[in-house]
Amino acid sequence: MHTKSGLMDELGKVKRVVEKVSPVTEVLLVLDATTGQNGVVQARVFTEAVTVTGIVLTKLDGTAKGGIVVSVQRELGIPVKLIGLGEGPDDLAPFEPRAFAEGLVGGEESAAA
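Position in the sequence shown (from 1) plus 667 gives the number in the numbering used here.
What the hints contain is simulated information worked out from the structure, not anything from laboratory work.
Ranges between beta-carbon positions, derived for each pair:
1. R741 to D676: 26 to 36 Å
2. K687 to E769: 43 to 53 Å
3. V684 to E763: 32 to 42 Å
4. S672 to R765: 31 to 41 Å
5. T692 to S672: 25 to 35 Å
6. V688 to V772: 40 to 50 Å
7. R683 to G703: 26 to 36 Å
8. E686 to V772: 33 to 43 Å
9. K748 to V772: 20 to 30 Å
10. V772 to S689: 38 to 48 Å
Once the Cα atoms are required to be at most 25 Å apart in a straight line, the calculated BS3-like pairs of lysine-lysine come out as:
11. K748 to K682
12. K682 to K671
13. K748 to K726
Bear in mind that the values here come from a model prediction, so they are computed numbers and not experimental data.
Don't be surprised by glycine CBs; every beta carbon is placed ideally from N, CA and C.
Construct the entire structure; sequences and hints are all you get.
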């Protein structure tokens, strides 16, 4: 859906309408950790439509390593703020860069720590 320019135009319009009521100070893009490099493409396209201030990376409770975080950070400079470790609203956790990096390289701690 990120390749649909009409949808991206609508996203920009939604933000402009909301800003008429109250300033928008945070725009979080939710990315599925299992999407790989497609997530970088999604992030790029979304940032062209609106200013994204942070990433929420979901599905880190499964086999996904979340290497997309490194690509998005390098290419777009968008910080990861939250990670999803399950399916419920209580399964969101603050992103811990050190634990995440150790999990990527096979350290003792996991991305969930």
